[in-house]
Each structure stands twice: as C-alpha cells, then as structure tokens.
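*Asks:* Sequence:
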Amino acid sequence: MTPGSPPSDPIRSAELPADRRARLFRETPAEWTQRHILGMAWALKPQRLKAVPNLARLVLADLLAPPAGLPDPDQALDRPAGLAGIAHDLSVPTLMEAHRRGLYPFCHLGPMKWWSPPTRSVLFFDEFHIARRLRQQMRQDRYTVTFDRDFESVIKGCAARREGRWHLTWVTPPIMHAYCALFDAGHAHSFEVWDRAGALVGGGYGVAVGNSFVGESLFSAEPNTSKIGFTVLNWHLAKWGFAFHDSKELSPTLRGMGFRIIPRREFLDRLALAAAQPGRPGRWHVEADVRAVADWRPGATT
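Start counting the sequence shown at 1; every next residue gets the next number (the numbering used here).
The hints are simulated quantities; they were obtained by calculation from the structure and are not laboratory data.
Using 16 angstroms as the maximum straight-line C-alpha spacing, the simulated EDC-like pairs for lysine to aspartate or glutamate come out as follows:
#	residue 1	residue 2
1	Lys239	Glu287
2	Lys156	Asp19
3	Lys248	Glu266
4	Lys239	Asp126
5	Lys156	Glu27
6	Lys239	Asp289
7	Lys50	Asp78
8	Lys239	Glu127
9	Lys156	Glu31
10	Lys239	Asp295
When you get a sec, could you build the whole thing from the sequences and use the hints?
*Replies:* Shown next, in the form of structure tokens:
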C-alpha cells in the first residue's frame with residue numbers, strides 16, 4: 001500500500017453486515033461475568049457509595065412509574081453527578097434527540113442510564129494543539145487515515161482490553177448495536193488508522209449533531225495512532241465549519257490537545273445553536289492526508 005492512499009475494503013468476505021456485527025459484538029458468558037463483577041467493584045468504590053441511595057431511588061421510581069420521554073438535562077442529579085434518568089430506548093430517533101438535548105447513554109452495570117454532567121469538556125478548533133513530536137510522527141508517512149470505512153471494527157476496538165488496565169468498558173453489545181444503527185442512518189462516524197500493511201492500528205467514533213461532534217470513544221494499537229486519527233478528524237471538522245467537539249469528560253491527554261471545561265448551561269446553549277444547523281449527514285471522506293494535516297496551525301491568522 002502506498003503511504004497516503006486508502007487501504008482496500010477491510011471487509012473481504014461476503015458476510016452480511018448483520019451477521020458480521022452479531023459475530024464481532026458477541027459477549028461470551030465469561031466476558032459477561034467479568035464485566036458485571038468489575039462493574040460492581042467500580043460502583044462500590046468508597047467515593048461512589050454515597051450516590052447509591054439516590055441511584056436506588058431513581059431506579060425504583062422508574063420501575064413504579066416510568067417517565068414518558070427523555071429527562072430534562074438541567075434536572076440531572078448532583079450525586080451521582082450528571083445522572084439524569086434511565087434509558088429504556090436506544091433507537092436512532094431517541095439517541096439523536098438525546099444528543100440534541102445534551103444527554104448521552106452510559107452504564108457499566110444495571111439499567112442503561114442517561115447522563116448530563118454539570119460541566120462538559122469541549123474543543124473550539126482554533127484552540128487545538130498538536131504536539132511537536134506528534135507532528136513529526138505524522139510526517140513519517142507510516143499511517144493512513146480514513147473515515148467511515150470500518151465502523152464495526154473501530155467500535156469493537158474501543159471495547160477491547162487495554163494493556164495494564166482492568167477490562168471494564170461501557171461499550172457493551174447493546175451500545176455497539178445502537179451506534180451501528182446510528183452509523184447506518186448517517187449520524188455516527190468513525191475514523192480508522194491503518195499501517196502500511198493495511199492493519200487497523202487505531203480509531204475512534206462519535207456522533208454529529210448539527211455542526212457539533214460528540215466524541216464517544218477511541219483506541220490505539222500502536223503509540224499515538226488514535227491521536228493521529230483524532231487530529232485528522234479535527235482538521236476536517238474545522239474545515240467543514242463545525243462549531244465544537246464535545247468529549248464529555250476531560251482527561252489530561254485531551255487537556256493537552258486544547259479541550260477545556262465549560263458549564264452545563266453554556267454547553268446546552270451552544271449545543272442548541274449547533275443542533276439547529278444542517279450538519280453533514282451521510283458517509284464522510286478524508287480530504288487531506290496525514291502529512292498535510294501535520295502542517296495545520298489552528299488559530300493562525302495567516
């Protein structure tokens with residue numbers, strides 16, 4: 001494969017998409033058991049125990065009288081911070097309406113839940129930062145980035161084990177199938193990072209809501225590959241006129257790349273404006289290769 005050129009279609013068999021997804025997303029009994037044990041351990045950490053009564057009341061109230069429609073993001077609980085309600089429906093219309101309201105599904109254990117945290121981590125593209133070493137790596141022509149080429153393998157990669165860490169993921173089979181349906185509808189998108197041999201070595205996925213983008217998860221099989229794909233994605237979002245990139249929570253890595261915290265009310269106001277824009281539905285295609293994006297100077301006036 002020539003550096004800078006996209007790899008051939010990674011789905012080489014005649015396997016039907018639904019069959020491929022069922023195979024990729026299947027969870028063995030051992031995996032299910034491990035996920036629930038680790039999820040229980042995570043939920044029972046001392047700093048989270050104080051939230052158990054509120055969570056129990058919410059679940060009980062939902063069992064007795066399930067509310068109609070989506071919860072109000074402004075009424076999310078303070079403890080656990082951002083818990084807004086129980087998610088019974090992950091259909092495409094419901095997920096898109098939830099994202100337009102600033103809600104997202106997340107759960108390690110028990111019923112799926114809607115969240116709207118009191119603060120939000122966002123990137124305004126003129127504040128994006130590309131580290132010098134990352135620019136150097138991007139200029140080595142070792143990787144090719146594509147969009148929407150293999151969504152299933154990307155979301156499976158996001159759910160995979162991380163070396164040196166407990167295997168606890170919120171990207172469960174129901175989430176995988178729900179976001180694949182969003183992908184089929186043209187709302188969810190993936191970026192893929194391929195090495196010279198055509199192997200998938202990094203990627204991530206998220207949802208476009210008008211001219212905003214909600215990053216869901218990403219993974220790297222080699223050092224910095226997700227950062228490379230992430231940088232290419234943000235170059236395109238900026239070029240296409242997107243207003244911001246929402247990463248939900250702020251990590252040290254994201255802070256170093258220019259993401260910052262804003263209050264929930266400010267986020268919801270910005271989201272309402274962005275969600276009213278036509279956006280960019282349908283399949284996305286890369287318009288600049290990795291080497292070209294390495295020269296990007298966000299915020300430059302010349």
